Structures are given as structure tokens and as C-alpha cells.
Amino acid sequence: MGEVTNKLAVSLCGIDMDNPIIPASGTFGYGYEFADLYDINMLGTFSFKGTTRQPRFGNATPRIAECPSGMLNAVGLQNPGVDAVIAHELPKMRAVFTKPVMANVSGFSLDEYIEVSSRLDAEDSVGWIELNISCPNVHGGGMAFGTCASSAESVVRAVRDVVKKPLIVKLSPNVTSIVEIAKAVEAAGADGVSLINTLLGMRIDLRRRKPLLANVTGGYSGAAVFPVALRMVYQVAGAVKIPVVGMGGVSSAEDVIEMMLAGATAVEIGAENLRNPWACRDIIQALPDVMDKYGIDSLASIIGAAQP
Amino acid sequence: MKQSIFIIKENIALTHDVWKMVLEGDTSEITRPGQFVNILLDGLYLRRPISVHDAEDGVLTLIYKIVGVGTARMSEMKPGHSLDVLTGLGNGYDVTRAGARPLLIGGGVGVPPLYMLAKQLCAAGCEVTVILGFRSARDVFCKEAFEALGARVLVTTEDGTYGTRGFVTGVFDEAGDYTYTYSCGPEPMLRAVYNASGTSGEYSFEERMGCGFGACMGCSCKTLYGNKRICKDGPVLVKEEIVWEK
Ligand SMILES: Cc1cc2nc3c(=O)[nH]c(=O)nc-3n(C[C@H](O)[C@H](O)[C@H](O)COP(=O)(O)OP(=O)(O)OC[C@H]3O[C@@H](n4cnc5c(N)ncnc54)[C@H](O)[C@@H]3O)c2cc1C
Ligand SMILES: Cc1cc2nc3c(=O)[nH]c(=O)nc-3n(C[C@H](O)[C@H](O)[C@H](O)COP(=O)(O)O)c2cc1C
Ligand code: FES
Chain A
8 MGEVTNKLAV SLCGIDMDNP IIPASGTFGY GYEFADLYDI NMLGTFSFKG TTRQPRFGNA
68 TPRIAECPSG MLNAVGLQNP GVDAVIAHEL PKMRAVFTKP VMANVSGFSL DEYIEVSSRL
128 DAEDSVGWIE LNISCPNVHG GGMAFGTCAS SAESVVRAVR DVVKKPLIVK LSPNVTSIVE
188 IAKAVEAAGA DGVSLINTLL GMRIDLRRRK PLLANVTGGY SGAAVFPVAL RMVYQVAGAV
248 KIPVVGMGGV SSAEDVIEMM LAGATAVEIG AENLRNPWAC RDIIQALPDV MDKYGIDSLA
308 SIIGAAQP
Chain B
2 MKQSIFIIKE NIALTHDVWK MVLEGDTSEI TRPGQFVNIL LDGLYLRRPI SVHDAEDGVL
62 TLIYKIVGVG TARMSEMKPG HSLDVLTGLG NGYDVTRAGA RPLLIGGGVG VPPLYMLAKQ
122 LCAAGCEVTV ILGFRSARDV FCKEAFEALG ARVLVTTEDG TYGTRGFVTG VFDEAGDYTY
182 TYSCGPEPML RAVYNASGTS GEYSFEERMG CGFGACMGCS CKTLYGNKRI CKDGPVLVKE
242 EIVWEK
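Respectively, the protein sequence lines represent chains A and B.
The end of the first sequence is residue 315 by this note's numbering, with every number in the run present.
The end of the second sequence is residue 247 by this note's numbering, with every number in the run present.
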């Protein structure tokens, strides 16, 4: 047992993890739906739903559309707001998850990012801040913070100043060069980057001749996006010195290993949790055998092994 | 919630586009009428939510309408085929609120979940009236099944080719006095029932789902008591909390 734990162990921005498996933000709630299904303390950690300053209902429904080997979501950051997350959700989470958790932060202005990050940074249960910079920047004319290197740099710099815990910046794939953004946030003081968030897409309802999602567009994720995500993780890991958390379409232990070979220190799993609620448990349990099959003694030793 | 493998025992057409599937498997998590199951189909990413029509002693019955690729695929499955099913999803109806004379109202594929409800209410000694609304005579199903339970059944069709012409609310007077309503159907029907009914009641809603067990916030709706997830806090909402949005 102890040996198995060691084989899977990694360290992310100075925090030791039993394994690199992290359910991704927005697909795992605050953990307790899943705690009814299995002991979620077996996870490396998990990233909870994106938190904003104010409570948000999110977008109108339909918010979900199926795609080949994946799905679109346009949830629109539904969350109870940072006060309620701290007062109600984190204590409930604490009852079922005892490891440091990853706090996913969203915002529509610099002020909001700073406030929400510093509030969550002060919580004992929080291990890392994962800063989602894919939200539209209301002050900057609606462009997402994360789609332009200079605005990405400014938000990371501002949050860096107020946050003591490791700061992981979550990158959008909907950019010309994700490498350029990754380098900008590294220069601004990020301790790590996580990628990819969802790819912008849409579907049209043939009967109604109208977009299927009430929000018109949504984020594409799930197995289909894996090759795109893997390519981006590989490129970013080759260009920055800080740890990279890889995600996008991961649905098996093999995918986890591919992500790590590409340069990921840890791996997040999103949409797969929705079709198979036990996906992360299954992957953690499958990893030792798959490692044996490919002659891998320890996951930590293969990070970036596919890099030139 | 439980994930288990069910084996198809029977899969037959009830109308030109509505099918009944009988499955065998672990039904222990299905605790209330009005709950649903979520079915994984080969080659399709998201599970398909389908209401429990009936569940007893390891036999699960579903009634589904062919509307797209998933339900079409289900209709082609033969007995012996196995399906990966999540069971025990959703809150379901509360039978304890029925009173002596509950009125059940179903429209189209909103009819199936009312069967297990009617079965329990009839067994509990209630005087059950069921109103079933369909588009046309060729769409009518389940009428005899409800009658066999001992319920009084009124059928309406939009074109008048079967039963009373018009919508379900058109036969409320004929239904007589009732103590509570339980309904399931398309939203315009639910809204009409809400406006026409003089008692409290429970309304089962549909929404596109990512997970079906409360994790993704794909199916949220507003209620007077805050935001709820149709899949976990619903699909059944009580009249007093409903907020009509669209
Ligand atoms: C709680 C609940 C209970 C239901 N019970 C029944 C039932 O007992 N009998 C029945 O015939 N139908 C029922 N439905 C509707 C049923 O889920 C859809 O008809 C079915 O998912 C369509 O799948 P498809 O692949 O054939 O259609 P497609 O249009 O190809 O499906 C594409 C995607 O949209 C989703 N979708 C399409 N229509 C609906 C819809 N009306 N509601 C929710 N998701 C939809 C599908 O699940 C899938 O993810 C229920 C829906 C919900 C939410
Ligand atoms: C329903 C849903 C909700 C999501 N919500 C968030 C969120 O609140 N914050 C965030 O940073 N990412 C969110 N994401 C993106 C995921 O965390 C992840 O980056 C993306 O889905 C790619 O991984 P996957 O292919 O494994 O799903 C969400 C994804 C889904 C499917
Ligand atoms: S469908 Fe995921 S929360 Fe309801």
C-alpha cells in the first residue's frame, strides 16, 4: 500500500499530493455529491466550482449540449458568491475532504479577482488558488483577461501581491498563442499554470433553426478535445519553468500518463466525471497497472519525458 | 445513486414513436415515483435521462419517445442487451401529500412517471383520477394500464380524434373535486395546470442535463426558495415554489 502511494506521488508548487488526479472546476461541485459515492480523500485534490464576489445564477437554460465525444456547457459560473462559499460550502466540504483543496477564482474586474482570491487565500482548507482568467473583462471592453498577454499579466500581478498560497493561473485555449500567455503569467509571478479551459463552440437545433444553447455559444470539453489539450500542454511545458497542470478530455489512466509525459505535473479531469461519477477513483485505481505495463516506476519521474 | 448494469427483457412499440422497455437489474435505489434513471449509450457522450415508469423487485420499466439519436438507438435494442444505468436520481413525488382524491395530469411523455405514482396512491386507498393529454388518437398510450390500477382515466387529444378535444385543463370540471395535483409534461401544460388548479400540487420539470446527479449546474432553475437543480433538488417542484421564467 505505502509503495503504491509513493509510485503515484507528485508535488505541485510545494504541496505534496498522493497522486496527480484532480477533478476539474465546475464538474465536481464542492465535493460532497461525490463523497456519497466514494472516499474522495483518495484524490490528489480537487478544484471547486469557480467563485465570484457576488452570487451568480449563471446563464439561462439550456446550458448543456451534446457533441461528438464531448459536450458544450454554458453554465455561466453559477455559484453562491465568495461569502457563502466560505460560510457554508467550505465547512460542508471540510467534513468530507481533509486535504488542501484548490480554490478556483473567477472575476469580471481586477478588484473582484483581488478580493475573491485574498478571501479564499485566507482559508485554512485552501491549498492552491487556481485563477481562471477566461472571464470577460468588463473594464477592458468585454475581452477575456486571459486572451491578451498584457491583461493576463496585469491581473496575475495584482493577485500575486495579495495571495500567499501557490497561485496557479488557468489558461484559455481560445487564443492565438497560449505559449505567449503562459510566459506572460509566469513573468507576472504565477507559481504554476493549468490548461486548458474549454474551447469555444456552438450547436444549432435543426428543428428550431436556432442555437441550441440559450447563451448561443458554450465551452467544448470532453474526450474529443484531448489531442488539442495535450498539444497545448506540451508546448507550454516546453516554454515555462513553472509547473503545468494538464487537462482537457482526460478519461483514462493512459491519458493521464500522456499528459504527464507531455509535461504536466498534475492532471485535472472534468467532463468525464459527469458521465462516470466514479471516473477519478477508477483512474487512480487503474494507474499502477498501466504504469507497470509501460515500465513506469514513479509518475514524478516521467513529467515532461516526451519533451525534446 | 447507484450505477449498475441492467439487462433488457422486453422492448416494444406502444405507438408509432413511443416504446416501452422492461429491464432487469438492481432497483434498490429507486425509492419514490417520479425519480429518473440516466442511461449511457454506446458512442454517445452524455447519458439520457428517462423517468421511472415502474420499478419493483429488480424490474425497471421505462417508456420513451423517439426524438433523436439516443432514443432511436434504444428502440433498436434487443432483449438480452445490457445497459449502464444510474438509478435513484431526483427527488420524486411525495405520496403523503395526496389527500383522499388526488388528480394526476400527464402530457405526452410526461405520462410515464405518473404510473408508479398512481399505483402507490391506489394501493394506499386514494380515489385517483388521471388526465392524460395527447396530440392525436395515434399517440395515446397507457390508458388501460392506469384503468387496471383502479384509477379513473380521462383522455384529451388536441385534434379531438380520441377522448375530449383540447388540452388537459379542459376536463378539470369533469374530473370533479380533487385534493392535490401531480403533473408531468411539457412546460406549457404544467403552466396551464398551475393556473387552472385550485389546490397545491407537485410539478415535474425537464431540463437538458450534463450529469443528472447535481455536480455540473447544467440544469438550474430559479424558485422562490433559491436556485435549484432540476436533476437533484427536482425534477419535482411544489406549486408554492415555482417561478415561471420563459
Ligand atoms: C428528468 C427527465 C425525465 C425524462 N423522462 C422521460 C421519459 O420518461 N420518457 C421520454 O420519452 N423522455 C423523457 N425525458 C426526455 C428524454 O431525456 C429525451 O427525450 C432524451 O434524452 C432524448 O435523447 P435523444 O438522444 O433521443 O435526443 P437528441 O436530441 O439527439 O439528444 C441530444 C441531447 O439532448 C438531450 N435532450 C434532448 N431532448 C431532451 C429533453 N426533452 N429533456 C432533456 N434532455 C434532452 C439528450 O439527453 C442529449 O444529451 C426526460 C427528461 C428528463 C430531464
Ligand atoms: C459543466 C462544466 C463547468 C465548468 N465550470 C468551470 C469553472 O467554474 N471554472 C473553471 O475554471 N473551469 C470550468 N470548467 C472547465 C473545466 O474545469 C475544464 O477546464 C474543461 O472542461 C476541460 O477539461 P475536460 O475536457 O476534462 O472537461 C467547466 C467545465 C464543465 C464541463
Ligand atoms: S445535470 Fe448536472 S447538476 Fe443537474
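Derived by calculation from the structure, the hints in this document are not laboratory data.
Misleading hints may appear alongside valid ones.
[Unchecked claim] Cross-link-like lysine-lysine pairs, in silico, BS3-like; alpha carbons within 25 Å at most:
#  : chain 1 : residue 1 : chain 2 : residue 2
1  : B       : Lys-223   : A       : Lys-99
2  : B       : Lys-233   : B       : Lys-79
3  : B       : Lys-21    : B       : Lys-144
4  : A       : Lys-217   : B       : Lys-66
5  : B       : Lys-120   : B       : Lys-21
6  : A       : Lys-217   : B       : Lys-233
7  : A       : Lys-99    : B       : Lys-120
8  : B       : Lys-3     : A       : Lys-99
9  : B       : Lys-66    : A       : Lys-99
10 : B       : Lys-120   : B       : Lys-66
Just so it is clear, the structure is predicted and the values come from calculations on it, not from any experiment.
Unsatisfied constraints (hint numbers, rising): Of the numbered hints given earlier, those the structure breaks are 2, 6, 7 and 9, listed in rising order.
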